[in-house]
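There are 2 protein chains.
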Amino acid sequence: MKDKGIALVISGPSGAGKGTLVKMLTQEFPNITFSVSYTTRRPRRGEKQGIDYFFVDKERFKELVERDFFAEWAQVHGNFYGTPKIEIEQRLDKGLDVIFDIDVQGARKLKQNLKDGVFVFIMPPGIEELRDRLEKRGTDSKEVVEKRLKNAKKEIDAAREFDFIVVNDILSEAYERLRCIYIAQKSRVYPDR
Amino acid sequence: MKDKGIALVISGPSGAGKGTLVKMLTQEFPNITFSVSYTTRRPRRGEKQGIDYFFVDKERFKELVERDFFAEWAQVHGNFYGTPKIEIEQRLDKGLDVIFDIDVQGARKLKQNLKDGVFVFIMPPGIEELRDRLEKRGTDSKEVVEKRLKNAKKEIDAAREFDFIVVNDILSEAYERLRCIYIAQKSRVYPDR
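Protein chains in written order, with numbering that gives the first Met the number 0: chain A, 0 to 192; chain B, 0 to 192.
Think of the hints as simulated: they come from the structure by calculation, not from any bench.
The structure displayed is predicted, hence computed values, not measured ones.
Just so you know, not all the hints are guaranteed correct.
Which copy is meant is left open, so a pair is good if it fits within one copy or across any two.
Pairs of lysine-lysine, BS3-like flavour, derived with a Cα cap of 25 Å [said to hold, decoys possible]:
| no. | residue 1 | residue 2 |
| --- | --- | --- |
| 1 | Lys185 | Lys114 |
| 2 | Lys110 | Lys84 |
| 3 | Lys153 | Lys84 |
| 4 | Lys146 | Lys108 |
| 5 | Lys152 | Lys185 |
Full structure from sequences and hints, please.
Laid out in structure tokens, this is it:
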């Protein structure tokens, strides 16, 4: 019998570097499959429908919520994000690992549906560093940056609810920690944390 | 305040490769200090007093047992082995990590004294492979090899009592897993497992 896969939930404030770390991990380990979320926000440059997100309008999103389609959904910075239930358990049962790149609110809700998941908080090195990154990314207005920063401060307080904290100061070091968390989890006798 | 150190207990049957893996880990991570055991067995070629073990005679060992000096002690293959309580908690409080290279009986007893320890079982790839290794090591008589193998079979059944299992088939891969278990543990929010 094949071992059940691991649900790896990667969360943290906007700009902490979740997306980059998740991409690196899925590139190194082909057994990790990406859980594609639904969102009502607009695609950023280079983002592809069905790969980065399923981009839908608010009407369609509400329809899916009513059909109990999501393991979790949330409104963040005025947009809706949701994780489809479909396939998650199927994938885990097949022995595939499933990774989630998700905001803190979403991670909290996932925790209710994924009791055996491994919850990792990606911590930016400091609020000023975070502001720099968000401003350099240049995809958000000054107002949105301030909103994201205010949320970030709240979210950092949430870090202690997670199983692991990875500080993303130097990317290569943060990645080394994240991949080790994954590898170690694969050696657990009771892979339930 | 400095974080408390981690007690890392490395166990498994004789010939599984515990010693080699522990040496590699302590060489890579200077924060990991080696818990030197007391033993009544004879030094193997190259082993040094106070570095590899404290070699003592049976009389001295019994004296120390009576003084409640050991966190655990056991008789294995006719010899006595013991882990001194002294310094362990002090080292952990200072933020140093402490590693134990110990047989399965000893690991079981340590579990009672080190509730927050991380317990790793090093698993040989198979009994035949283990026999080869013990015979090639050439330090034991045929009779002792048979005794060790008999114990090994019992000990492998004990693996599920541990937190992690690392199969030592290819040394570099086993080491990668072990170092990841250590690194991941350093990122735990509640480092109590």
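* Asked: Under a CA distance limit of 25 Å, which applies to Lys110 and Lys84: within one copy, between copies, both, or neither?
  -> For Lys110 and Lys84, only the intra-copy Cα distance (13 Å) is at most 25 Å; the inter-copy one is 39 Å.
* Asked: How would you label the pair Lys146, Lys108 (within, between, both, or neither) given a Cα cut-off of 25 Å?
  -> within (22 Å within a copy, 53 Å between copies)
* **Intra- versus inter-subunit Cα pairing at 25 Å for Lys153 with Lys84** => So Lys153 and Lys84 fail the 25 Å test inside a copy (27 Å) and across (43 Å) alike.
* **Homo-oligomer pair classification [Lys185, Lys152; C-alpha up to 25 Å]** => Classified as between; 24 Å across copies, 32 Å inside a copy.
* How would you label the pair Lys185, Lys114 (within, between, both, or neither) given a Cα cut-off of 25 Å? -> Both. Shortest intra-copy (17 Å) and inter-copy (22 Å) distances satisfy the 25 Å Cα cut-off.
Of the numbered hints given earlier, the model fails hint 3 alone.
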